[in-house]
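> Whenever a hint applies, use it, and build me the whole structure from the sequences.
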Amino acid sequence: MNEQPQKNGVLVDVDGVEKVFHRGSEDIHVLSDLHLKVPQGEFLALMGPSGSGKSTLLNLIGGLDRPTRGSVSIAGEHVNELSDRQLAAWRARHIGFVFQLYNLLPVLTAERNVELPLLLTHLSKAERKQHVATALGVVGLSHRTKHHPRQLSGGEQQRVGIARAIVTDPTLLLCDEPTGDLDRKAGDEILDLLQALNRQHGKTIIMVTHDPHASARAGRTVYLNKGQLSDEPVK
Amino acid sequence: MLNWLNQVFCVTLFNLRTIPERKGAVTAAAVGIAGVVAVFVGVLSIAAGFRAAMSVKGARDVAIVLRSGADTEMTSGLSREETRLVADTPGVARNADGPLLSAELFVIINLPKRATGTDANVPFRGVEKAGLAVRGDIKIVKGRRFEPGKNEVIVGTGAARAFAGVDVGETIRLGQNVWQVVGQFAGGGGSAESELWTDAVVLQGAYGRGDSFQSVYARLTSARAFDEFKRALTSNPRLKVKVERQGDFLAEQSSMLTTFIENFGVFIAAMMALGALFGALNTMYSGIAARTREIATLRALGFGAGPVVISVMLESLALALVGGTVGALAAYLAFDGYKAATINWQTFSQIAFAFAVTPELLVSAILWAVTIGLIGGLFPAIRAARMPIAAALREL
Numbered sequence: 001m002n003e004q005p006q007k008n009g010v011l012v013d014v015d016g017v018e019k020v021f022h023r024g025s026e027d028i029h030v031l032s033d034l035h036l037k038v039p040q041g042e043f044l045a046l047m048g049p050s051g052s053g054k055s056t057l058l059n060l061i062g063g064l065d066r067p068t069r070g071s072v073s074i075a076g077e078h079v080n081e082l083s084d085r086q087l088a089a090w091r092a093r094h095i096g097f098v099f100q101l102y103n104l105l106p107v108l109t110a111e112r113n114v115e116l117p118l119l120l121t122h123l124s125k126a127e128r129k130q131h132v133a134t135a136l137g138v139v140g141l142s143h144r145t146k147h148h149p150r151q152l153s154g155g156e157q158q159r160v161g162i163a164r165a166i167v168t169d170p171t172l173l174l175c176d177e178p179t180g181d182l183d184r185k186a187g188d189e190i191l192d193l194l195q196a197l198n199r200q201h202g203k204t205i206i207m208v209t210h211d212p213h214a215s216a217r218a219g220r221t222v223y224l225n226k227g228q229l230s231d232e233p234v235k
Numbered sequence: 236m237l238n239w240l241n242q243v244f245c246v247t248l249f250n251l252r253t254i255p256e257r258k259g260a261v262t263a264a265a266v267g268i269a270g271v272v273a274v275f276v277g278v279l280s281i282a283a284g285f286r287a288a289m290s291v292k293g294a295r296d297v298a299i300v301l302r303s304g305a306d307t308e309m310t311s312g313l314s315r316e317e318t319r320l321v322a323d324t325p326g327v328a329r330n331a332d333g334p335l336l337s338a339e340l341f342v343i344i345n346l347p348k349r350a351t352g353t354d355a356n357v358p359f360r361g362v363e364k365a366g367l368a369v370r371g372d373i374k375i376v377k378g379r380r381f382e383p384g385k386n387e388v389i390v391g392t393g394a395a396r397a398f399a400g401v402d403v404g405e406t407i408r409l410g411q412n413v414w415q416v417v418g419q420f421a422g423g424g425g426s427a428e429s430e431l432w433t434d435a436v437v438l439q440g441a442y443g444r445g446d447s448f449q450s451v452y453a454r455l456t457s458a459r460a461f462d463e464f465k466r467a468l469t470s471n472p473r474l475k476v477k478v479e480r481q482g483d484f485l486a487e488q489s490s491m492l493t494t495f496i497e498n499f500g501v502f503i504a505a506m507m508a509l510g511a512l513f514g515a516l517n518t519m520y521s522g523i524a525a526r527t528r529e530i531a532t533l534r535a536l537g538f539g540a541g542p543v544v545i546s547v548m549l550e551s552l553a554l555a556l557v558g559g560t561v562g563a564l565a566a567y568l569a570f571d572g573y574k575a576a577t578i579n580w581q582t583f584s585q586i587a588f589a590f591a592v593t594p595e596l597l598v599s600a601i602l603w604a605v606t607i608g609l610i611g612g613l614f615p616a617i618r619a620a621r622m623p624i625a626a627a628l629r630e631l
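Protein sequences, first through last, are from chains A and B.
All the letters of the first sequence, read from the start, carry residue numbers 1 to 235 under this note's numbering.
All the letters of the second sequence, read from the start, carry residue numbers 236 to 631 under this note's numbering.
Hints were generated in silico from the structure; no laboratory data involved.
Check the hints yourself; a few may be wrong.
A short, non-exhaustive set of chain A residues, derived as facing chain B with CB atoms under 8 Å [to be verified]:
id, residue
1, 59
2, 85
3, 88
4, 91
5, 92
6, 99
7, 103
8, 107
Here a beta-carbon is modelled for each residue, glycine too, at the ideal position from N, C-alpha and C.
Spelled out as structure tokens, the structure:
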């Protein structure tokens, strides 16, 4: 885990991105000529009304989808030029995802869920175990390692999700409505955790949210409306 | 590579662990595959058993001589003179009593089946003194041999099992003649076991056959002597005969029925396999649908499409193997050794046989199951790998 925040250079560079979805004969323009730069070590909140394209933008940055036009580069790597196989390997190495519904595998214990991304590395079993313990320790769940998701509260499940996202020490954390399915108290705990990861461990975080309370924890907030970004909330 | 295998192992393990949540559909698919395999093995065990009943092990050195153009003993005819010429042909083995050769005739009689009481055609064969020694594997298992010149018969174990009134000590009335059953013989599981035997001369008299025969069975000095023996007979201008090895002849005699049963079995199994295939496809598709978000999550974390495809196919394969093994085991327990008798259309006579679930049959049945499993898993696997990750992540 990086202990020293490194606030230098642009980590995420979204340049002139357009995303069009085709539904039958209809073209739906979700993002149009969108530009976004995120410096390394920033905690950015991405807000906007439903259907504004927040998650689409997050998916493009995370290499889960490809832009119709424009380019996305992360740490200098042009993500949309990678093949599907290269993209999968790139995601494993550079991106940690945190999902609104946690997306834990119900048949695996907390520690097995956290270990999943490490199975894509060349770490030995002992090394994997060490990394899993560290990640679960960071999110405060060292005592719940053997529990299955159904035995954990929503907040705890999301903390397991965060442990899974950070266990490979990725370049970038992408959080899609991480508190969207939690009550205020559990949500605050998750936001505390994300803030700590940013401030103490220097993690660059992009968080999609529609909750102003959550976005207030970020260092900067940008607003997405009708496929365009602005620094001001939508009126 | 290790990394890739790790991915396959992990996704497969995850897939297999979700089976208890889908046990209804999974069980239905496995039972479907088990049914296909059981029917496949069951029907083809009839053909395998029938073929075994019509074959004689190690009979490469026994030849059968028929009149040229005859396909069966029933349509053949040889005079005493012709059978003597056969006996003098080079290649025929001899013992102290002379050539190991038996001129034989063959009639069809009616006997009631033990199971139903209805009459069935049974081969009644007249053999010469050397008849038992020629075949080599004939053993008297009860009673004694018939005495030459007397109305005495010995009954094959298959016939004794299938037909009533032919136990040792009983008498059989056929037209004006009464025959005493004096013994029972086993013939190494061959078709002879479905027959009744008596002295050829007595049978000639009883059925007004004069001094004619229908076939000659000859033991040769070795299996390699067959070609010389055949050449000598077919080039003899005084004879118009065809010569075959006994094993080949019997296999040919059963070919129509075994081919029919095999084709029928494969057809039925193929129809059922089609049903089971759709069952497997449905199970795997619904399994994939239920795990859409989990599979997408793994893909988002960096797991490749290849391991997803392989793991879904492995799951389908595992399902098919379990179903196939259960079906094969059930078929083995239900059918192997089951005794039956059926008519051989080529000889119009009953052949007693036992269903035979052979290792080859079990292997082909498992291969059927594997094929169903692979096809049943392939398309759902491709669908799983092609799912758009971003959309699938939001599936509930």
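> Now, for every hint given, state plainly whether the structure supports it.
Hint check results:
Of the supplied interface hints, the one on residue 59 (chain A) holds, with its beta-carbon coming within about 4 Å of a beta-carbon of chain B, less than 8 Å. Residue-level restraint check for residue 85 (chain A) holds (minimum Cβ-Cβ distance to chain B is 6 Å; threshold 8 Å). The interface hint given for residue 88 (chain A) holds, since its Cβ lies 5 Å from the closest Cβ of chain B, which is under the 8 Å cut-off. Below 8 Å, beta-carbon pairs count as interface contacts, and residue 91 (chain A) has one with chain B at about 5 Å; its hint therefore holds.
For residue 92 (chain A), the interface hint holds, the least distance from its beta-carbon to any beta-carbon of chain B being 3 Å, beneath 8 Å. Of the supplied interface hints, the one on residue 99 (chain A) holds, with its beta-carbon coming within about 7 Å of a beta-carbon of chain B, less than 8 Å. Restraint check, residue 103 (chain A) versus chain B: the minimum CB separation of about 4 Å is within 8 Å; hint holds. With a least beta-carbon distance of about 4 Å to chain B, the hint placing residue 107 (chain A) at the interface is held under the 8 Å criterion.
Hint check: no violations occur; every hint is consistent with the structure.
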